[in-house]
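Could you put together the complete structure from these sequences and hints?
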Amino acid sequence: MRPILAAWLRRLIRGPALILIVLPLLWFAPVLFSNRTLLPADNLFDFEPWRSLAATYGITAPHNSLLSDLLLENLPWKTFMRQALAERQLPLWNPYIFSGVPFLAAGQHSALYPLSLLFYILPLPAAYGWFTALQLALTGLNVYILARVFQRSRLAATLAGIVFAFSAFSIASVVFSMILAAVAWLPLLLAIIEKVIQKQAEKGNAPFSPVPYIVGGALVLGVQVLAGHIEITYYTLLVMALFALWRLWTLQRLLAAWRPVLRLAAWFAVMTALGLALAAVQLWPLVELVSSSFRAGSASYDQVVGWAWPVRQFVTFLLPDFFGNPSHHGFTDLWTRAWQATPPIFWGVKNYVEGANYIGILPLLLAGVAVLLHGRLSPSPPLRLSPSPLLPLSPPLSASPPLPLSPSPPRHRPLLRRPGPARPRLRLRHPALRPPLLRPARLPSTPLRLPLGLSAHPQPGRAGRVWPGCAAGRRGPAWAGAAGLALDPDRRCPRRGRRPQPGLARALPGPRRRRARPFGPGPRRV
1 MRPILAAWLR RLIRGPALIL IVLPLLWFAP VLFSNRTLLP ADNLFDFEPW RSLAATYGIT
61 APHNSLLSDL LLENLPWKTF MRQALAERQL PLWNPYIFSG VPFLAAGQHS ALYPLSLLFY
121 ILPLPAAYGW FTALQLALTG LNVYILARVF QRSRLAATLA GIVFAFSAFS IASVVFSMIL
181 AAVAWLPLLL AIIEKVIQKQ AEKGNAPFSP VPYIVGGALV LGVQVLAGHI EITYYTLLVM
241 ALFALWRLWT LQRLLAAWRP VLRLAAWFAV MTALGLALAA VQLWPLVELV SSSFRAGSAS
301 YDQVVGWAWP VRQFVTFLLP DFFGNPSHHG FTDLWTRAWQ ATPPIFWGVK NYVEGANYIG
361 ILPLLLAGVA VLLHGRLSPS PPLRLSPSPL LPLSPPLSAS PPLPLSPSPP RHRPLLRRPG
421 PARPRLRLRH PALRPPLLRP ARLPSTPLRL PLGLSAHPQP GRAGRVWPGC AAGRRGPAWA
481 GAAGLALDPD RRCPRRGRRP QPGLARALPG PRRRRARPFG PGPRRV
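For the sequence shown, counting from 1, position 348 maps to 348 in my numbering; every step adds exactly one.
Check each hint, because a few of them may be wrong.
Stated by the list, open to error - Taking lysine to any residue pairs in the SDA-like style, the calculated list, with each CA pair at most 25 Å apart, reads:
#1 199 x 151
#2 350 x 168
#3 195 x 239
#4 203 x 141
#5 199 x 243
#6 195 x 208
#7 350 x 64
#8 350 x 255
#9 195 x 255
As the list claims (entries may be wrong) - Here are the in silico distance ranges between beta carbons for each label pair:
#10 302 x 371: 33 to 39 Å
#11 311 x 203: 41 to 47 Å
#12 249 x 302: 32 to 38 Å
#13 300 x 99: 28 to 34 Å
#14 219 x 61: 41 to 47 Å
#15 327 x 54: 17 to 23 Å
Everything labelled a hint here was simulated from the structure, so no lab data went into it.
Glycine is no exception: its CB is placed at the ideal position from the N, C-alpha and C atoms.
Structure (structure tokens):
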């Protein structure tokens with residue numbers, strides 16, 4: 001187990017994953033490797049008694065007034081947590097607000113979140129920088145895993161991780177560390193659901209027990225709830241349910257059976273229930289606290305609907321500062337070319353932080369290209385098995401045990417590739433079929449046990465198209481070999497000594513290409 005874990009860690013810290021870890025560290029390097037902090041200390045001068053001392057320190061206005069929550073709420077929470085733990089007490093009750101209020105039940109302090117350990121061992125001004133940088137790195141890695149599970153290339157997965165981690169929503173949520181911690185786990189939960197669906201598709205209608213994936217998903221969901229932002233947890237559960245329903249529907253269409261689909265739906269329900277149960281230490285007190293809150297029923301349905309984004313908010317996908325920016329304290333007059341100092345201008349919905357949805361121009365263009373080219377760059381079809389036409393030539397099934405074969409998927413697909421299915425690659429583990437008879441592939445995959453007398457074809461009815469020129473000069477059946485197996489498309493044709501075409505893309509139906517020959521008999525060999 002240890003060598004496997006060590007190999008997995010070595011693969012994780014190199015290549016694209018290393019990029020996703022280093023980029024947040026470089027982005028927040030002025031805070032991580034100096035005496036600076038993410039805490040907006042200048043916002044104190046908006047409140048008394050510090051406001052009376054603003055002129056003494058030459059401060060006219062804070063750089064960004066929207067960051068005050070980090071200073072007025074989150075910092076006192078973390079300070080109270082450290083004080084309670086230093087006194088060897090659980091921070092159940094906060095006596096410093098009114099006559100006292102429940103503290104641990106509120107949840108937004110992220111006291112039980114694993115990565116909050118940084119706030120207990122590091123000075124608070126430095127802990128916020130390291131927590132934010134590591135959390136963004138974790139977000140990018142989870143998106144990278146999701147893209148790889150979707151069988152995207154390393155380049156595409158790396159780009160997806162960078163776009164998600166450095167989007168306007170993630171960067172603007174630095175002021176709310178609980179949001180930044182909660183949103184990071186949604187991609188990993190979707191990756192677990194997708195992986196379970198893919199495993200069941202490989203198994204077909206056979207029973208499949210995804211216990212490791214279910215346990216892992218429950219742990220991830222429990223950590224997500226402990227992050228402390230129940231709204232993001234609600235969105236996470238909603239997206240998980242919609243994604244699982246869609247993938248289960250596609251699985252039912254593929255297998256044409258309801259039993260495995262219902263079985264996986266039950267497993268997903270168990271994963272969700274187990275994850276919420278693991279986080280019950282935080283979730284159950286929160287439910288009790290919310291039920292007794294004075295804000296229950298304080299807003300009507302019409303008021304809640306009125307807070308929704310209007311259509312004009314879509315312009316911020318292209319121009320994030322179209323409605324203003326609270327950190328801008330002036331503008332350059334194009335006529336006089338002079339700087340004009342003004343108070344911060346913002347005329348959007350709610351505030352800039354809650355309306356931040358900019359992801360960049362390049363990601364939008366790439367998404368448009370993907371929509372336009374959908375269907376042309378479709379992934380390769382799954383490997384299908386059909387009876388070999390040379391089954392009578394193969395030895396009896398009792399002559400040797402079944403061959404454990406491993407159908408290997410194509411290598412990591414690039415963003416743009418030539419249309420057409422890829423060649424099947426099978427790895428042989430039977431001692432009777434060693435090279436040079438058949439060459440095994442290198443990619444690992446799930447082993448399948450196949451009896452002798454089967455030929456592997458990427459699509460049914462196209463077995464002979466892999467071997468043009470065989471079988472008396474026409475497109476005949478694939479060569480089955482001594483064991484009745486057509487496994488290696490790269491072998492020479494045994495009857496005419498010709499190599500097959502380099503891939504199945506040229507073997508699709510269409511005009512057959514022939515080499516041009518000159519007129520006349522041509523030169524003779526001596």
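Do the hints match the structure? See the list:
no. : hint                  : verdict
1   : 199 x 151             : 13 Å, holds
2   : 350 x 168             : 16 Å, holds
3   : 195 x 239             : 16 Å, holds
4   : 203 x 141             : 28 Å, violated
5   : 199 x 243             : 16 Å, holds
6   : 195 x 208             : 12 Å, holds
7   : 350 x 64              : 16 Å, holds
8   : 350 x 255             : 47 Å, violated
9   : 195 x 255             : 16 Å, holds
10  : 302 x 371: 33 to 39 Å : 36 Å, holds
11  : 311 x 203: 41 to 47 Å : 46 Å, holds
12  : 249 x 302: 32 to 38 Å : 35 Å, holds
13  : 300 x 99: 28 to 34 Å  : 30 Å, holds
14  : 219 x 61: 41 to 47 Å  : 46 Å, holds
15  : 327 x 54: 17 to 23 Å  : 18 Å, holds
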